[in-house]
Amino acid sequence: MSVSTEISVPRETRRGTAHVAAVWQKLPNSVLEETWQTAEQVTLTVKADALPEAVETLYYGHNGWMSVVVGSDERMINGSYAVYYVLSMEGAEKSYVALRALVPPETMEFPSVTPKVPAAVWGEREVRDMFGMRPVGLPDERRLVLPDDWPDDLYPLRKDAMDYRLRPEATTETETYKFINAAKQETTEVPLGPLHITSDEPGHFRLFVDGEDIIDADYRLFYVHRGMEKLAETRMGYNDVTFLADRICGICGFTHSVAYASSIENALGIHAPPRAATIRTILLEVERLHSHLLNLGLACHFVGFDSGFMHFFRVREKSMELAELLTGSRKTYALNLIGGVRRDILAEQNIRTKQLIGELREEVTRLLDILLTTANMRQRLEKVGLLDKQVARDYSPVGPTVRASGHRRDVRIDHPYAGYAGVPVGQHVMEGCDVLSRVLVRAQEFFDSIAIIEHCLDNAPSGPVLVEGFTYIPHRFALGYTEAPRGEDIHWSMLGDNQKLHRWRCRAASYNNWPSLRYMLRGNTISDAPLIVASIDPCYSCTDRVTVVDVRKRDTSIIPYKEMERYCRERTNSPLK
Amino acid sequence: MYKLLKEAFRTGNVTVRYPFAPLPAAPNFRGKPHYEPEQCIACAACTIACPANALTMSNDVAAGTRTWEICFGRCVFCGRCEEVCPTQAIVLSPEFEMAVLDRADLYQTAEFTLASCRNCATPFAPRKEIDYVVALLVNAGLPEADAERRRAMLEVCPACKRHSEVVREAGSSGSGWHQIGVTP
Amino acid sequence: MSMQTVAVPTTAAAAAESEREQTARLKKTLLQDIGRSIYVFRIDAGGCNGCDIEIFAALTPVFDIERFGIKVVPSPRHADVILCTGAMTRAMRRPALRAYDAAPDPKIVIAYGACGCTGGIFHDLYCVWGGVDKVMPVDVYIPGCPPTPPATIYGFALALGMLDQKLKAGQHVEAPDEQVAISHPHVPYTLRIALEREARRMAGYRQGREIADSFMTLLDHDDAKPVAQRVAEFVARENDPRLTEIVRSLEAICTSVGTNP
Chain L
1 MSVSTEISVP
11 RETRRGTAHV
21 AAVWQKLPNS
31 VLEETWQTAE
41 QVTLTVKADA
51 LPEAVETLYY
61 GHNGWMSVVV
71 GSDERMINGS
81 YAVYYVLSME
91 GAEKSYVALR
101 ALVPPETMEF
111 PSVTPKVPAA
121 VWGEREVRDM
131 FGMRPVGLPD
141 ERRLVLPDDW
151 PDDLYPLRKD
161 AMDYRLRPEA
171 TTETETYKFI
181 NAAKQETTEV
191 PLGPLHITSD
201 EPGHFRLFVD
211 GEDIIDADYR
221 LFYVHRGMEK
231 LAETRMGYND
241 VTFLADRICG
251 ICGFTHSVAY
261 ASSIENALGI
271 HAPPRAATIR
281 TILLEVERLH
291 SHLLNLGLAC
301 HFVGFDSGFM
311 HFFRVREKSM
321 ELAELLTGSR
331 KTYALNLIGG
341 VRRDILAEQN
351 IRTKQLIGEL
361 REEVTRLLDI
371 LLTTANMRQR
381 LEKVGLLDKQ
391 VARDYSPVGP
401 TVRASGHRRD
411 VRIDHPYAGY
421 AGVPVGQHVM
431 EGCDVLSRVL
441 VRAQEFFDSI
451 AIIEHCLDNA
461 PSGPVLVEGF
471 TYIPHRFALG
481 YTEAPRGEDI
491 HWSMLGDNQK
501 LHRWRCRAAS
511 YNNWPSLRYM
521 LRGNTISDAP
531 LIVASIDPCY
541 SCTDRVTVVD
551 VRKRDTSIIP
561 YKEMERYCRE
571 RTNSPLK
Chain D
578 MYKLLKEAFR
588 TGNVTVRYPF
598 APLPAAPNFR
608 GKPHYEPEQC
618 IACAACTIAC
628 PANALTMSND
638 VAAGTRTWEI
648 CFGRCVFCGR
658 CEEVCPTQAI
668 VLSPEFEMAV
678 LDRADLYQTA
688 EFTLASCRNC
698 ATPFAPRKEI
708 DYVVALLVNA
718 GLPEADAERR
728 RAMLEVCPAC
738 KRHSEVVREA
748 GSSGSGWHQI
758 GVTP
Chain Y
762 MSMQTVAVPT
772 TAAAAAESER
782 EQTARLKKTL
792 LQDIGRSIYV
802 FRIDAGGCNG
812 CDIEIFAALT
822 PVFDIERFGI
832 KVVPSPRHAD
842 VILCTGAMTR
852 AMRRPALRAY
862 DAAPDPKIVI
872 AYGACGCTGG
882 IFHDLYCVWG
892 GVDKVMPVDV
902 YIPGCPPTPP
912 ATIYGFALAL
922 GMLDQKLKAG
932 QHVEAPDEQV
942 AISHPHVPYT
952 LRIALEREAR
962 RMAGYRQGRE
972 IADSFMTLLD
982 HDDAKPVAQR
992 VAEFVAREND
1002 PRLTEIVRSL
1012 EAICTSVGTN
1022 P
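Protein chains in written order, with our numbering: chain L, 1 to 577; chain D, 578 to 761; chain Y, 762 to 1022.
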């Protein structure tokens, strides 16, 4: 990276200098370069062989959490590939530190960080798939993102590999993904998937069981991989990607759009006007409302409480109406441009918004009371799907999932963005580690969101909603981050030299929650599996059948996921018999 | 259980009457793009701005036409076309009843005439766009008497303009404009 | 689901009628004779999930698509209608086809959402095939990103023959002497552009345009009142502090450009 692309960050504003000093001290001969993208973001380039230790130092030694691993083809910039390990530092001095290493194109190898920091496993599997880089020592070398029928030597994100429209012939007609488990005996497998029950996206689960008890689980996801990151480098201009980001996820799309726009604004030092930041904040919280109501409704559905499900969805319609009022659409808000937003909030919308959130607050208070006092509800949710606090620390989950296991992580508080710096955000943390705790955290956040929206409406700054007329400087890069309903969304963007992105890495919240799911499933019964999966509020793919592997009996049954769900709700007539 | 029943009674019937009664349109709902070809100057700004390639523009130089096309099946209803259109020829309406049985019904086209270059006679720019530019110049203060002269300058394709500039820069036999029979 | 008897063709007639024609005929029967109760199997062929959640919303009390007898079933083997969302990712092609093959004939396939109809914003990407009809024949297309529950109801009503199709292909050919009107021709050009840009900066493309148009209409008005008074009355009528702020900044532009309001 040449110095000219670095944005000038005055020394006295920099946050994270203690972490940088820690790396320098631990590995004095290994730090090659230090560049600051914003006052809270620094990138340290280290020698590749020092990378695992550097990451471990910051992760376990300085309260760092793994946010994202980014691979990048930088051959036309400096002759190498590069890999960035972005850590969210959440101790006394909160900031983002990225540890970067160059990967030589001749070998494509670098030492794997996963043996020291398990949270890096998916990120490293993904750079294998997309670039052909080889993290040496990575314990799990299965494909993560690309489908089974994708050719072996074709790495989509290499700049010279292929046109973004290339559709290679299928290399296999069967599913070749190997499911792994940590069971000590031989196990029977019960495949679940790919067309799922909770109506969500496709995925494929394998549960390893002994009788009714789950010993381990594995899952195959990314059936929804479409190739967006390559699209952003090719057909899309900077403003188009905000609309693409809306469609990363149909539930938290706007959060992604804000994260992306922020990443470009951070990279170029653009300050969206205060009113735009507030409008973004309001819509981010509106999105949280609909998403949490969705999850609460599904929680009801899974314990067989369908009336509750219908009521939550009935009430949720008010949050959809709210979104339509403020953005023109129930979903896919299409509100962001680089430099601000595309719509304003005038008096009529202000008044109606306050009406709707008042109704929401009242209705949901009543519904939650019904939910939590319904016979059997607590019993179904309590002590189920435990995510141990230390396991959480090892795998860096995010959002209500991690907050329900006692960790105080929330991007709105740790790394304020959009308009959050001036807004009171409650921190809702529970120690129960179970499904019930996650439900309660979401319920508390719901009411908090309403308060935030009210605060923003009453204190919305005046002025424009958009700034324009800035210069795009090639090869500047930065992070954009948000707290989606599910947790931290983080985007890493590097600008290109052709009015398009050079590299865009968009990491959704659930990506960080999936790896710890198998630990949540262990020790529970099969009938609770759908409930536990739903409790991380996954933005994932659905499964249509579950493969259940019986460890002791050594047999495999394939059970339709609908059957699993029915069993979860009714608790009678086990599908395994 | 009692609380649930109470809630159910309190709520009553919430179902909308649609399709048995029209659904009231939310103000500024982003529905079907409404296009008025009469108002279009075929400048292609919308096709560049559209993130989904739902809007496309193609030239047929031999026939001297430019064709605009929209595919409602690809449209993501973001409103970028409305945002960038200089003449408000395309505006998102509240219309949402767009389902079709035949895929071909998702497409609409509009064909525009290309004006030909006064120098090389190649069709190169929409006639309506040139007309609109001249009208804007007049609206901005250009004397009517000069409008036709300015139109003649506009009706020269970029290749010929470049050529005449090079000729003029080289200083050979007077202004390049004279070479193409135009008095600026 | 009520089954009406369908005339079974004789051998000679069957030989004459190709399999495709038979299926088309049975499909028509399905549409007409199946009554008001149809079973729907959902496939998500790689969508962002927005469409799937809107389908969910259509099933819930506010829109209640079940009142038309439309029921979502857990197995394709019971399905009359396959409702497919998503752009058809590579990974989902085979599972989607498995489900399609498992559903008995006659069946209707509905492509739902921009991704389902054409691949939408992803239409040309390496990991999608570009729409449901790249992999299986589609009978009904419901555009939208995502289609709202009322649009879903409309799509199903169309599929069942309850409502007529509104959208039709169209071709326009430029008429001779077709001219584009300039908006607010009496407002000086540089002023108009400055006002439009400021309004967009302040309130976005849609509301900004509305506000700029209202303001310029006030400038254009030919009653006896001075412009400043007309603007003051407008602002008082609207009674919207934010609108007032925006109109003040437009007035400031008028002053600086030299046209005194």
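It is worth saying that the hints were derived from the structure and are not from the lab.
Any given hint could be a false lead.
[Unchecked claim] Straight line, CA to CA, 25 Å or less: simulated DSS-like cross-link-like pairs of lysine-lysine: (1) L:389 with L:354; (2) L:116 with D:609; (3) D:738 with L:318; (4) L:159 with L:26; (5) Y:895 with Y:929; (6) D:609 with L:553; (7) Y:929 with D:609; (8) L:116 with L:47; (9) L:26 with L:47; (10) D:609 with Y:832; (11) L:116 with L:354; (12) L:500 with L:383; (13) L:389 with L:94; (14) L:354 with L:318; (15) L:159 with L:389.
List of violated hint numbers, smallest to largest: When the structure is compared with the hints, numbers 1, 2, 3, 4, 6, 10, 11, 12, 15 turn out to be violated.
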